[in-house]
Structures are given as C-alpha cells and as structure tokens.
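Work the whole structure out from these sequences, hints included.
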Amino acid sequence: TVGLGVTYAFNPKLTATLQGYKGQEGSDSPNPSGSFGGIGYPAPGVSDTTQGCAYFTYQANSKDKLALDVDYASAKGMGNWNGVEIVYRRQLNAATAASIRLDHAEDTAGLRFLGGPVILHSLTGTFDYSVTKDVLFRFELRRDFASKEFFNSSSGPSKDRTTITFAQIIKF
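Heads up: the sequence shown is residues 1 to 172, going by the working numbering.
These are computed hints drawn from the structure, not numbers from a lab. Mixed in with the good hints there might be a few duds.
[Stated by the list, open to error] Cut-off 25 Å, straight-line C-alpha distance, at most; resulting in silico cross-link-like pairs (SDA-like, lysine to any residue):
(1) Lys159 <-> Ile100
(2) Lys171 <-> Val87
(3) Lys65 <-> Thr165
(4) Lys171 <-> Gln91
(5) Lys63 <-> Lys159
(6) Lys133 <-> Thr15
(7) Lys159 <-> Asp144
(8) Lys63 <-> Phe139
(9) Lys159 <-> Gln91
(10) Lys22 <-> Glu85
(11) Lys65 <-> Thr108
(12) Lys22 <-> Thr108
(13) Lys171 <-> Thr108
(14) Lys22 <-> Pro12
(15) Lys159 <-> Glu149
(16) Lys148 <-> Tyr58
(17) Lys159 <-> Phe145
(18) Lys133 <-> Asn80
(19) Lys65 <-> Arg138
(20) Lys63 <-> Leu123
(21) Lys148 <-> Ala43
(22) Lys76 <-> Gly20
(23) Lys148 <-> Val70
(24) Lys133 <-> Ile100
(25) Lys171 <-> His104
(26) Lys13 <-> Asp64
(27) Lys63 <-> Lys171
(28) Lys13 <-> Pro117
(29) Lys22 <-> Asn80
(30) Lys22 <-> Leu4
(31) Lys65 <-> Glu149
(32) Lys171 <-> Ser99
(33) Lys76 <-> Ser35
(34) Lys133 <-> Thr57
(35) Lys22 <-> Ser74
(36) Lys133 <-> Tyr88
(37) Lys171 <-> Ser147
(38) Lys63 <-> Phe137
(39) Lys13 <-> Asn80
So this is what it looks like as structure tokens:
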C-alpha cells in the first residue's frame, strides 16, 4: 500500500491539499467487527483499491473561512464510493466561533457503510468556545438523512436522526 500527499499555498488565503492512496485491501478472514480487511469490506476477498482526496481552504478575511473536501475511491471489481464536505466557519470573537457543515456520502455498492448501498447527507451546526489556547468546549447539533433506513433509533431503524454533542477538547 502506498500513499502520497502534497499541500500547496496558492497565496496567503487559498491552500490546496491533494492526497492519493493505492494498495490491496480486504481479506478472506473477518476482522473483529465482522468485516473483511482493515478497510472493512462487507464480503471476503482482496481488491486493488485507489482513493483520492482534494481539500481546499479559503481564508476570506480574519474571521471567515471556507473549506471544501472531495473524496473518491474505487475497489476494482467491487465498486466505488465518494463524498463531499463544505464548511463555513466564522470567528465571532477571540474565544468563540460558529460553523455550518454540509456533508454528502455515496456508497452505491455498499462497500464502506456495511449496511448495503446508501446515500447519506448531514447538516451540522457547531459552536466553539476556547477556554484557553489548549482547552476548547464544542457544542454540535447535527441532522442526518439517508436514502434508506440506516440509523438506529428507539423506535427501530430510521432514515433520519438528530444528534447533539457536547465535547471538551484538550490540545497537547
């Protein structure tokens, strides 16, 4: 397995990162989670797998940042999957920031999500509060949507869900 990445700053505001990965993935023996190989394919076997990622950030000004992440992968003879993420982040003051994130993931062959073919969408709102330069509190409200019943809920499988997260992040 081989991976390579490169980052280039076009100017002080725009940066791009390109990454690629190629190698044999999968296994004939199940791993502890019941999937096959490190990448976790749903069926036994080994496949030549290629994945590419392009990540762009644009710092519009001292308070506003935009990011775009595009991923595509292919497992020879098994299928493809892809994803896109768009983020807008606003620094409100020295200690607080808010962001909104849109995600789309498509796995029409059922290789990555192990629940069979599915398309997922998410909308996430985040509020960050920096206590110190090394301690951050994060609150997230996320709404997920699927093309089929994919999420667990108290009333059984569901095509959508809402999650709330409160996290403390410590940098060291």
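Cross-check of the supplied hints:
| no. | hint | in the structure |
| --- | --- | --- |
| 1 | Lys159 <-> Ile100 | holds, 22 Å |
| 2 | Lys171 <-> Val87 | holds, 22 Å |
| 3 | Lys65 <-> Thr165 | holds, 22 Å |
| 4 | Lys171 <-> Gln91 | holds, 19 Å |
| 5 | Lys63 <-> Lys159 | violated, 36 Å |
| 6 | Lys133 <-> Thr15 | holds, 24 Å |
| 7 | Lys159 <-> Asp144 | holds, 8 Å |
| 8 | Lys63 <-> Phe139 | holds, 19 Å |
| 9 | Lys159 <-> Gln91 | violated, 33 Å |
| 10 | Lys22 <-> Glu85 | holds, 22 Å |
| 11 | Lys65 <-> Thr108 | violated, 32 Å |
| 12 | Lys22 <-> Thr108 | holds, 21 Å |
| 13 | Lys171 <-> Thr108 | violated, 37 Å |
| 14 | Lys22 <-> Pro12 | violated, 31 Å |
| 15 | Lys159 <-> Glu149 | holds, 4 Å |
| 16 | Lys148 <-> Tyr58 | violated, 34 Å |
| 17 | Lys159 <-> Phe145 | holds, 6 Å |
| 18 | Lys133 <-> Asn80 | violated, 41 Å |
| 19 | Lys65 <-> Arg138 | holds, 18 Å |
| 20 | Lys63 <-> Leu123 | holds, 21 Å |
| 21 | Lys148 <-> Ala43 | holds, 21 Å |
| 22 | Lys76 <-> Gly20 | holds, 16 Å |
| 23 | Lys148 <-> Val70 | holds, 23 Å |
| 24 | Lys133 <-> Ile100 | holds, 22 Å |
| 25 | Lys171 <-> His104 | violated, 29 Å |
| 26 | Lys13 <-> Asp64 | holds, 11 Å |
| 27 | Lys63 <-> Lys171 | holds, 22 Å |
| 28 | Lys13 <-> Pro117 | violated, 38 Å |
| 29 | Lys22 <-> Asn80 | holds, 14 Å |
| 30 | Lys22 <-> Leu4 | holds, 9 Å |
| 31 | Lys65 <-> Glu149 | violated, 34 Å |
| 32 | Lys171 <-> Ser99 | holds, 20 Å |
| 33 | Lys76 <-> Ser35 | holds, 18 Å |
| 34 | Lys133 <-> Thr57 | holds, 22 Å |
| 35 | Lys22 <-> Ser74 | holds, 10 Å |
| 36 | Lys133 <-> Tyr88 | holds, 22 Å |
| 37 | Lys171 <-> Ser147 | violated, 37 Å |
| 38 | Lys63 <-> Phe137 | holds, 19 Å |
| 39 | Lys13 <-> Asn80 | violated, 33 Å |
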